[in-house]
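*Asks:* Going down the list, the protein sequences come from chains V and A. Per full-length UniProt numbering, the very first residue in the first sequence carries number 1; after that it's consecutive. Per full-length UniProt numbering, the very first residue in the second sequence carries number 1; after that it's consecutive.
Derived from the structure by calculation, the hints contain no laboratory data. Don't be surprised by glycine CBs; every beta carbon is placed ideally from N, CA and C. Hints should not be assumed to be uniformly reliable.
[Claimed, not checked] Over 12 Å on every C-beta distance to chain A, these chain V residues come out as not near it, computed from the model:
hint, residue
1, E20
2, E166
3, G208
4, S214
5, F247
6, P261
7, T263
8, K277
9, E306
[As the list claims (entries may be wrong)] Facing chain A, from chain V, some residues (calculated, C-beta under 7 Å):
hint, residue
10, R32
11, I44
12, Q46
13, S53
14, M89
15, G264
16, R265
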Amino acid sequence: MSAPTLDRPTDEAALQRQFEATIAADRRVEPRDWMPEGYRRTLIRQIAQHAHSEIIGMQPEGDWLLAAPSLRRKAILLAKVQDEAGHGMYLYSAAETLGADRADLTDKLIEKKQKYSSIFNYPTLTYADVGVIGWLVDGAAICNQVPLCRSSYGPYARAMIRVCKEESFHQRQGYELLMTMMRGTPEQRAMVQDAVDRWWWPSLMMFGPPDDDSPNSAQSMAWGIKRHSNDELRQRYVDMTVPQAEFLGVTLPDPELRLDPDTGRHRFGAIDWSEFKAVLAGNGPCNDERIARRRAARDDNAWVTEAATAYAEKHAGAVA
Amino acid sequence: MSTDVTAEGGHGAVPTGPEVPTTPAPSVSRRDWPLYEVFVRGKRGLNHVHVGSLHAPDDEMAVHAARDVYTRRNEGVSIWVVKAADITASSPDEKDPMFAPSGDKVYRHPTFYEIPENVPHM
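Hey, can you work out the whole structure from these sequences and the hints?
*Replies:* See the structure below:
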């Protein structure tokens, strides 16, 4: 559906007031409503990059599909990776309601004009990484995504509800995998600890820079796109995860991590933001590899798309 | 940090500042598969409900793709797909004239009628 065309002269100020009233009343904005250009652009950026993260996120775990230790684990991992593709599709669908073009968004990803989450630029070195990604990376994603189910933009919020329902499976399969390994040999337990050591800090970075270094957050909060600050979400994640680590029997690699008895919340050490900036700027361990594979998927499979188009054109009308 | 990076990019912080382009550029070399809207009946006895959209080369492929994208966990027993271009919708700008006729007909609602409380089963 194209953007609405107006038959009568528009009173932009009245439309703006109507939009603000919708936001103030915590009602949802729907695709054909008038919305400020800044709101539309902020949403396209965020939803597109969220979609890209889901699509690129298939790669680190996909690397273990052919090396999963049992048919059961392989079936679970396949289902999980397929879900990530599905999540990407829900989100591209939401972005398109704002006037973005799906194929164009993929081009922007491949040309590195739009980003995806920096977490997917780290390699999965052992099979334990599959478990730790489910537990920590998807656990952090759940913290981010649950509040998005109440985002002010209707199609985004509805996509997130679907995503969150499936994300719980992702986290639980990861944690169960790790519990199984922790019951195994000393080597298997060491493998889990090593994976936790490598993924813990990057998972904290998933929440973005500290609030005082997040200049435009206030606007996103005012628009109801964003519901909680970066630091608030990070704190929630740490408080949720520490007891899970204790139960599992692993050590989180932060000597300063401790429970503050006054607040009941956990204090943790300083995050190395220079690493985050470097990875985001394209200098993480796997940035080039991830994009190269996405580019190959687009280009090498172009003939399939063309064949399907040719088939559809040949049979157009015949079915009707 | 020069740009705004927000946590709420789902799987992690992504830049959301104005340097990230959002305007669609026409794709040159590729096909444009039509956009289909997807409706799923969750179970028998319920209406089909809109769940999202996808691109497909034809109707049949759209149904197959809709099954993979929207019903991986028994979310549906029936799927409808329709080309988005074939949908006619009321315009949000006509909100008042379009729906006003039902707004002032309060007598169409049961609460309009005052019935004494001791009348049974009403």
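*Asks:* Measuring Cβ to Cβ, find out whether V:E306 lies farther than 12 Å from everything in chain A.
*Replies:* Answer for V:E306: violated, closest chain A Cβ roughly 7 Å.
*Asks:* Find the nearest Cβ of chain A to the Cβ of V:F247 and say whether that gap is larger than 12 Å.
*Replies:* Nearest chain A Cβ is 24 Å from V:F247, so the label holds.
*Asks:* Test the statement that V:T263 is away from the interface with chain A: the closest C-beta pair must be farther apart than 12 Å.
*Replies:* Nearest chain A Cβ is 21 Å from V:T263, so the label holds.
*Asks:* Non-interface claim for V:K277: all C-beta distances to chain A beyond 12 Å?
*Replies:* violated (7 Å)
*Asks:* Does the nearest C-beta of chain A fall within a distance shorter than 7 Å of the C-beta of V:R265?
*Replies:* violated (18 Å)
*Asks:* Would the hint on V:G264 stand, with a C-beta cut-off of 7 Å toward chain A?
*Replies:* violated (22 Å)
*Asks:* Does the closest beta carbon of chain A sit nearer than 7 Å to the beta carbon of V:M89?
*Replies:* holds (5 Å)
*Asks:* Against chain A, with CB atoms and a cut of 7 Å, does the hint on V:Q46 hold up?
*Replies:* holds (5 Å)
*Asks:* Grab the minimum beta-carbon distance between V:P261 and chain A and tell me whether it stays above 12 Å.
*Replies:* holds (27 Å)
*Asks:* Tell me if V:I44 is really an interface residue toward chain A, meaning its C-beta lies closer than 7 Å to one of theirs.
*Replies:* The hint holds - V:I44 has a Cβ within 7 Å of chain A, the shortest such distance being about 4 Å.
*Asks:* Once the closest CB in chain A is found, is it more than 12 Å from V:S214?
*Replies:* violated (6 Å)
*Asks:* Over 12 Å from every CB of chain A: does V:E20 meet that, or does the non-interface label fail?
*Replies:* holds (16 Å)
Violated hints for the displayed structure, listed by number in ascending order: 2, 3, 4, 8, 9, 15 and 16.
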